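Given the coordinates of chain A, work out where chains B and C with the ligands should sit on it, guided by the hints.
Residue numbers (this note's numbering), protein chains in the order written: chain A, 1 to 429; chain B, 1 to 250; chain C, 1 to 315.
Just so you know, the hints here were simulated from the structure itself, not pulled from any lab data. Quick caveat, the model's predicted, so the values are computed rather than measured. Backbone N, C-alpha and C define an ideal beta-carbon position, used for all residues, glycine too.
If you anchor each label on the Cβ, the simulated ranges turn out as follows: (1) 264/C / 144/A: 19 to 25 Å; (2) 37/A / 89/C: 39 to 45 Å; (3) 172/A / 123/B: 46 to 52 Å.
Some, not all, of what chain C presents toward chain A, calculated at C-beta under 8 Å: (4) 94; (5) 110; (6) 114; (7) 298; (8) 303.
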Amino acid sequence: MNPLYLLRRHWVWLAILVIMLAAPFLFYDWSRGRHSGFALTLMSEMALMAVFALSYNMLMGQAGLLSFGHAILFGIGAYFTAHTLNWVKANDIMWLPAELIPLAGGVGGLCCGIVAGYVATQQRSTAFAMITLGLGELFAAAALMFMTFFGGEGGITTNRVIHSSIFGVAYSSAWQVYCLLIAWSMFAAILMYLLTQTPLGRIANATRDNYERTQFVGYNPRVVRYWQFILAGFFAGIAGALYTLVYEIVTFDTLAAVKSANALLAAFIGGGGGFFGPILGAVVVVGLQSGVSLFTSAWLLYLGVLFIVMVMYAPGGLIGIIGLHAPIARMGRLGELMVPYLRALVPTVVGGAGFVAVVELATHRTIGAAQGKKLSLFAMPVDSSSLWPWAIAVVLAVAGALWLRAEGRQFRLRWNALIEDAKARGIGV
Amino acid sequence: MSDAAIQLTDVRKSFGRTEIIRGVNLTIPKGQRHAIIGPNGAGKTTLFNLISGRFPISSGTITVNGRNTAGLTPPQINHLGLSRSFQVTSIFPRMTVFENIRCGLLWSRGYKYSFWNLLGSQRALNEASDALLERLNLHSRRNRPAGLLSYAEQRALEIGITIAGGANVILLDEPTAGMSHSETEYAQHLIRTVSEGKTLLMVEHDMSVVFGLADVITVLVYGEVIASDAPANIRSNRAVQQAYLGEEAA
Amino acid sequence: MEVFVVSLLNGLVYGMLLFMLASGLTLIFSMMGVLNFAHASVYMLGAYFAYTISLYLGFWPALILAPILCGLLGAAIEMYGLRQVHRHGHIPELLFTFGLALIIEKVVQMTWGMVAVPYRIPDGLDFSLFTIYGTQFPAYRAFMLLISALMFAAIWLGLTRTRIGLIIQASLTHPDMVGALGHNVPRVFTIVFAAGTALAGLAGVIGGNYRVTEPGMAFSMGPIVFVVVVFGGLGSLTGCFIASIIMGLIQTFAVVLDYSLADLLELVGIVVTKATPGAEFLTVSLPRIGALLPFILLVLILVLRPRGLMGTRDT
Ligand SMILES: Nc1ncnc2c1ncn2[C@@H]1O[C@H](COP(=O)(O)OP(=O)(O)O)[C@@H](O)[C@H]1O
Ligand SMILES: [Mg+2]
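Bound conformation, chain A alone (with noise of 0.2 Å):
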């Protein structure tokens, strides 16, 4: 096939590998000639999570299912990886080449995905939501009850650094680790592209818009549904093995609700619909957890109101607003929104920075004081017990709400009007 086209087509995948070797290296110590320990954690973070997440969207964006308990997938995948380097460690086993671990969290996942599929696909919708929520708190529960495999409270500890490498490498610098995380997530993501690229994957998606009718064209939904449910779980298994590589330490957090919560949240804030909204997702919810969190507590509420926000305004998540200026970008007249964002981006900030304001004194009143922290707000010392702060905040949050709703109606009005454009050419929405 011609280079050329494969490029054009498959550009957004080679953008991905790109940054992730890149990235990095923003970060890099050129006096120590070293590489940044947070960045690397975090871009592994983010990349773990995407496999997770994109994995979330196999039973969500693609097989209408909604899963609460996606973690144990990938929280079995964890101590399934786990146990193998530490038993490849203790027998130093050398026929099971390093490269190859995340390949146990799979078939962790994978074993897990059997069991608790079978399940949970015996029902649809809110049912098989609740089955997937009772599995989860199940797992969590059972994982503090029974030490062998566990570990209990302090979850188990294990070693990366084992020499079956087949390259000859040790795995013992973070750099290192790093790289072949980025094999098993581009491995593990393109796979799933692919798979949704096969019968199965269609038939997921006709259970997903039209239960019923998937049975008139010959497929039982159940048994397509389990099938995707065992697949996803393969590849949450290797998310799980991931983490493993990176942390070195399994506990029992790894499969509870928090953790699918988490991939929920990636999957829908970053869009069910396309394949690579949740990879998107994954990005946004680790930079709110890992960046935010260093400057505030508050960061969960933060990524609750913008899941909310989604939720009521932008249900196809961040890819499905990109997606909606497909059509008005195709006519070549995306810079006539220009204006109305930047207009409309005028009162976000303000109204942004009030609700900020207001949250972030709240937290220092009750959290913040009492652990003797001194609060200051844009790079400006406040104190949160006067009254003043308080009123400013408040008047911003509620100012900039009103004129944001003014804006939006103008907004709305040029927005519609460029579609119906877009509609009248022909160009597709």
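Frame of chain A, contents of chains B and C with the ligands only:
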């Protein structure tokens, strides 16, 4: 071994305490084009639901291509070579028109639940899907999400999904309902060509389509067959005129 | 015997508390098809509201005001949130309440702190009502039973004796038919949602000081309430009541019966030691399994009998 495509023997169906299908006997030989007519609420759609396995029957037997369908699920009955359409359009709205058609083709082409074949490189499959799109006059809509099509286009797609798999027994539930005159004419032509050499059972209200297509017409009233005969005889049947056609004329 | 009677009473108290939470959720779930993840969060809010109000006005005003606040909040959620999301379909609806639960938990942490607040039983009710087998039965528990019974009666009267109650009853079993009869469905939904959340708030008011008022209380209560709703069955308040009591009893008894499979085997003469295969499973004691029991039940019911105890249709 009979050569009936569909055989119903004393089929009954009750919802709660009301009996909707009240002892229907019907034999449709292979290769016949058969129409069911009858007033609204007569149980025509219910009969389709029973034959295609959507609901279980209360008593009686149904055979499709010689096999008793008792206890079979809709996909299993589909694998016996029977495919049906729905009165209330039932398509895959978020998938493209092309994907809709291809979904109808997958099982019959032996792909089953496979996750190792890439659909993009299945030449024969894709060509067959495109060829069917041409026949349905939907090729210009190929890459549109099916949910955005016009009503008539969706009806055409509904027929397309039904016939895509090449089933030899086809059940169409009011295929032309809500279509304009020219659309109906085209649909009639389409149904004629796709049912060539196959067994067709259809529910239809448009009498020009019924009399234009059917070899045999069955009249169903209140869950009972009151007549089943060649079109000419149905037209002159007193009971039918009273129960049904007369109503139209009045 | 004494353990039995005391546990029975405690189980009953807990079961009634569960019912107060679950009845609202059953109504909402059956009518609107929305599994409200934020329901237990409102229960938590009820407790915190009551704590704050009782600081200034005392417990008795809080008993009235906090549920009303929760009900108003519920109405607002339904009118400005759920109705908006409803257009997008089923999954966004579920996710909306899920996100709400996340936010409420964080807001509670921000407003009242990460640790438990000292929300206490009012002095007037802080005495022992009677003593059985040497164990004191606190008056507050009797008070809780009384409130739950009153509420149960109120629901029952409301559903059978008022016009809107009859509409609600009809839409419990046939949600799609009510609109066809020409009733104002959105308003009925708002009322049911508000009433359901008010009940959850009330449960918070009387449950918050009986148990602990802390930011984790929604998260630990939420799944149990789901279990009760599923167990009782969609569209059936009676089923919900029975399920609540059973769940209350199960959870209470599981805590006091400190036995394991190993003890059972010992009765037939098999002694389980560390070396026995599967010793880890066999020695898990009932109180520890007690925490798992609701979820095992949840999964089993949904798989084997999705209409629950007395449901009119599958979950
Ligand atoms: N799932 C069902 N439950 C209860 N009654 C039904 C159901 N499906 C159809 N019916 C009833 O069966 C009767 C026949 O309906 P139907 O088969 O759709 O009629 P037709 O297609 O001939 O117009 C109607 O009275 C309808 O109300
Ligand atoms: Mg019909």
